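Listed below are the residues making up each chain.
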Amino acid sequence: MSTQEFRTAQGGRIDRSRPIRFRFDGSDYTGYVGDTLASALLANGVIQTSTSIKFDRPRGIFAAGAEEPNALVQVEAPFPEPMLTATTVELYDGLVACGLGGQGRLSPEPDPARYDSVHVHCDVLVVGAGPAGLAAAAVAAETGARVIVVDERPEPGGSLLGTRETSVLEWATSVADRLRSNPEVKLLTRTTAFGYYDDNFVLAVERRTNHLGAAAPAHRSRERIWRIRARRVILATGAHERPLAFNGNDIPGVMLAGAARTYVNRYGVLPGRRAVVLTTNDSAYEAVFDLLDAGVEIAAVADLRTGGSPVWGPRCAERGVEVLAGYGVADVTGADRVSAVTLAGPDGSRDVAADLLLVSGGWNPVGALYSHAGGRLRFDTDLGSFVPDGCRQAVAVAGAAKGTFGLAGCLAEGAAAGREAVEAAGFTAPADTRLPAADEQPASPTAQVWVLPGDESRQYVDLQRDVTVAEIRRATGAGMRSVEHVKRYTTAGTAHDQGKTSGVLTSGVVAHLLGVDVGELGTTTFRPPYTPVSFAALAGRDRGMLYDPVRVTALHPWHEAAGALFENVGQWKRPWYYPRDGEDMHAAVLRECRAAREGVAMMDASTLGKIDVQGPDAAVLLDRLYTNMMSTLKVGSIRYGVMCRADGMVFDDGTVIRLAEDRFLVTTTTGGAAAVLEWMEDFLQTEWPDLRVHCTSVTEQWATVALVGPRSREVLATLAPTLAVDNASFPFMTWRDTEVAGIPTRVCRISFSGELAYELNVSWWDALALWQAVYDAGQPFGITTYGTETMHVLRAEKGFPIIGQDTDGTVTPQDLGMDWIVSKKKADFVGKRSFARADNHRPDRKQLVGLLPDDGTTLLPEGVHLVAAETVATGALPEPPVPMLGHVTSSYHSAALGRPFALALIRGGRGRIGERVYAPLGDALVPVTITSSVLYDPEGARRDG
Amino acid sequence: MAEQTTVRPTVRRSPLALAADRLADVAAATGGAVSIAEVPFLAQLNLRLDPKGPAADAAGKELGVALPTAAGVAARAGELTIAWLGPDEWLVIGPAGGEGDLEARLRSALGTGHPAVVDVSAQRTVLELSGPRVRDLLAFGCALDLHPRSFSEGACAQTRLAQAQVVLIARESGAFWVLVRSSFASYLADWLIDASVEFTGPQA
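As you go down the protein sequences, you meet chains R and U in turn. FYI, the UniProt record's numbering numbers position 632 of the first sequence as 632, with every residue one higher than the one before it. FYI, the UniProt record's numbering numbers position 59 of the second sequence as 59, with every residue one higher than the one before it.
Quick caveat, the hints were computed from the structure, so don't treat them as lab data. Some hints here could point you the wrong way.
As the list claims (entries may be wrong) - Short derived list, chain U residues pointing at chain R, Cβ under 8 Å:
1) 18
2) 48
3) 140
4) 145
5) 181
6) 201
Said to hold, decoys possible - Taking lysine to any residue pairs in the SDA-like style, the calculated list, with each CA pair at most 20 Å apart, reads:
7) 186/R <-> 148/U
8) 826/R <-> 149/U
9) 573/R <-> 585/R
10) 573/R <-> 190/U
11) 186/R <-> 190/U
12) 634/R <-> 190/U
Claimed, not checked - A few chain U positions that, by computed beta-carbon distances, are all more than 12 Å from chain R:
13) 76
14) 79
15) 122
All figures in this text were calculated on a predicted structure; none of them were measured in a lab. From the three backbone atoms N, C-alpha and C, an ideal C-beta is built for every residue, glycine too.
Here chain R stands alone, though its shape is the one from the complex (with noise of 0.2 Å):
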């Protein structure tokens, strides 16, 4: 086991007395609580993590934070996780990850974790809790404002803890104390706004136990989606250093300054002994200083501003720093850590012997979420940075994230930033308020470089990506002038880091190979997530039985204990079919037809949409709705209806029941329900507002239960002893109030399967006691629960259609053979225009009809397509495209007619009853006869009983 040898003696943000077991790569180490994976590691002196995607070249830890290019892992336990960066992987006990080369690998095993969703209002949110961030949040939430505060770090104080600004971290822990014992302030830490959308709608997620390893609890969501919606936004997202281009600047041991500046005061790790710097800006002598005193050997700084840096320069040899003005790195040379650094500059060129070489090349303001908001960036050349430039939403933008670098000015433009938040919310900030005092360094300008002289080929603009400077400049080459067109030819900037160190590189790059302006060219588009979030959080409590809502009958656990298999229609679980033992889908379903034609069956139609209808002109908004007259249906009948669209297209059907002059209830198919009420009350409301009628969905007020077949009467009779139940005194589509079994029940008498039948209406609360009731009276009779299956085959038998089977959006009231349901007499209903268009009258309009296949076994596939006889003279199908008649709609085998049958859309179908079709299936071509789509009892002799 390593010992950590390139840990400090003392300090940092970790806990010494916490040490922590993990493995790597399949070698142990040790850490500390409070180390990343990424900090361990570098303690252990493991800088390489991984290989390229591409060029397989060794890379190594380059960043400290969300935007590391390189450093991705693949953590193996406690929970197999894919691409995660291993600057972001809080180390816990029990860790084991390896080093991925772009790809990771998702687990088999089903994710045992829980994740969820919460939605969240606030006054006022700030995203980021360093100085800038913490300032504003003080402020705002001394008002009595809820506030809502997110980062993603395990801790707040942002940039301050990779400082040694132990004075102002002492004030921003005593801020963080003060809001998390604010009952109206969150302080979210280990959460990353990661979208940004209209209305100020931000979306986060909270990474809650992923730091415990296997000690996480199992009751609590591992993520969470936080939906947060906030009056006022403020953006205290930080900046983020950038690097540069250069020969070998891909090599383990190149790191962004900053970051081993974090690594040293945070964590309390040395990333190398010996380093070199390369800087364009002041900010690299800060990281310098720290690194000196932490006890680095800083073998010399290569400024690449010809003056240096005024500031910092004097500093510098006071400590026997040597600084070169004017100088840049030529070369780096190592195989799988920098060994030395190439300098070139003014006065020639020489090589230093180092482990570590640093970078910056200026700081970016983070400006995703910014730019998700709406908002514009624009370049501001002093600072080389883009910066934001307006935007539409409520939103401000303060400290680093607005380009403001110095630490006074960031807490100055912090709580700037939450007084006006808050007071634009409504609520009334403090009269003064108390900052911490922060030393403030005049900071020269920064140089704007991009590219250094040497070979392309070996200056890395995208790490993850392994794009070089060659290849934008290919890309360039190729005419390409848009940095959005050389990121999709290029694959910069789209990795897990969606570019983050490698972004603006990328525009500068171009801009420099183009010879344009760096601010007139932008950037590339910034678009959610700005960090990876798992499918898991997002898919969060909606999966296994949540993810889709399973609407259910009132009988549903009657049909469970009864062995019922079910069926989806849409959200609904309906009966399929009933299986007795042993019984297969084919051989119960026969059984369940033969006792609806022959003895007694019931089944549960509580699906059924139901909507009633109130109103004077109740009848006249049915009479143009429905193709056919409502308004004379007698109380006490009912009317079958078909209802079509404007294009004269079947859109739903069902029965219409008059319950009084001005009252009905309407039924819809069990799918058309929502979409039929929202029909109506999109008529009255827009269309015909004069319509005194208004509609209430009472689909659960209502229960059904079909009760159907020859001896459906008797039945009945025996559990509703005061109903007249003969044919005379309770004709067919009417319905009569009455006691069914002591239950208050509506029963119709209606029937969807061409045998005597009855619904019986009732309560939902009193669906089970009647179920129950009809099954014990039935059982003399042999009475037999029957599904959805059973249904379609009665039904189709009758060439009853199922709209949305044998329709599909294309079909008329005229193509079912139903011009018997389209009023001839009504001035108007909604899709009569329609019926007058001349495609509506020709010949050869798909129309429905029977088919059966010749050989009296073959069941059709639904689906299937028809060919005419000429078609196939030759015996097989002619070569594509092969002229087709139509497609079955539903095919079934029928008890009735001891044989399978289908219907179908045949063009000019009814025109060709009689004639010999053939269906393809797989090789053979299968004969079948056009029929009436009626095959079952035609002149309707069964529906009295």
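Based on the hints, put chain U in the right spot on chain R.
Just chain U now, kept in the frame of chain R:
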């Protein structure tokens, strides 16, 4: 076929009768953080009428409180709750068994015009949620701002909880009524029980 002896009610049954025990267990499992119970068989009438017409005044007199005309308000009158569902639509909720009487009273009070009164007592069932974490529980699946500053006693909304359409009413003592379509009740009960797992262990 299996014997039909397990399920044999002779009386009416509420949509969540079979979930009652599992719902009741939530309070103990969460240490009282949330409690969930079905309030079955409440009378519910859907009322549609012109809020500016005489029927509105008549309804108010009959119910004992003016029909709320502001969006998102549920008025109370004794045992009755009148929830605003839309500019011309209310849900009147009353004690179990009262729907027949209430419907008759309203029908005769409202007179002609064209008010619509529809018994929807069985259309939705009522879940009562209470306990100190009830708002947090609802926030797992409801996008509305349920903070007491914006959704306090007497507030109501037609909204979505998880993937179910609900009517949400803030009641006294920080409790909520969730009215859910009977066919979705079992899904929503499962969802609520699953959501409450977060509160079953030590809270961070």
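**Prompt:** Far enough from chain R: is every CB of that chain over 12 Å from the CB of residue 76/U?
**Reply:** Label holds. Min Cβ-Cβ 23 Å, cutoff 12 Å.
**Prompt:** With a cut-off of 8 Å, does the beta carbon of residue 18/U approach a beta carbon of chain R closely enough for the hint to hold?
**Reply:** holds (6 Å)
**Request:** Below or equal to 20 Å on CA atoms is what counts here, so check residue 186/R against residue 148/U.
**Result:** holds (16 Å)
**Message:** Restraint: residue 140/U near chain R, CB-CB cut 8 Å. Satisfied or not?
**Reply:** holds (6 Å)
**Prompt:** Should the hint that residue 201/U touches chain R count as held when the rule is a Cβ pair under 8 Å?
**Reply:** Where the cut-off is 8 Å and the nearest Cβ of chain R is about 4 Å from residue 201/U, the hint holds.
**Message:** Less than 8 Å between beta-carbons is the criterion; does residue 48/U satisfy it with respect to chain R?
**Reply:** Nearest chain R Cβ about 4 Å off; hint holds.
**Prompt:** Can the restraint linking residue 826/R and residue 149/U be considered satisfied, given a maximum Cα separation of 20 Å?
**Reply:** Answer violated: residue 826/R to residue 149/U is near 55 Å, above 20 Å.
**Message:** What's the verdict on residue 573/R and residue 190/U, does the C-alpha distance respect the 20 Å limit or exceed it?
**Reply:** The hint holds at about 16 Å.
**Message:** Please verify whether residue 573/R and residue 585/R have alpha carbons no more than 20 Å apart.
**Reply:** Holds, because 17 Å separates the two Cα atoms, which is no more than 20 Å.
**Item:** Non-interface claim for residue 122/U, where every Cβ of chain R lies beyond 12 Å
**Value:** violated (4 Å)
**Request:** Report holds if the minimum CB distance from residue 79/U to chain R is greater than 12 Å, and violated otherwise.
**Result:** holds (20 Å)
**Message:** Interface hint check: residue 181/U, Cβ to nearest Cβ on chain R, cutoff 8 Å. Holds or violated?
**Reply:** holds (5 Å)
The earlier numbered hints that this structure contradicts are 8, 11, 12, 15.
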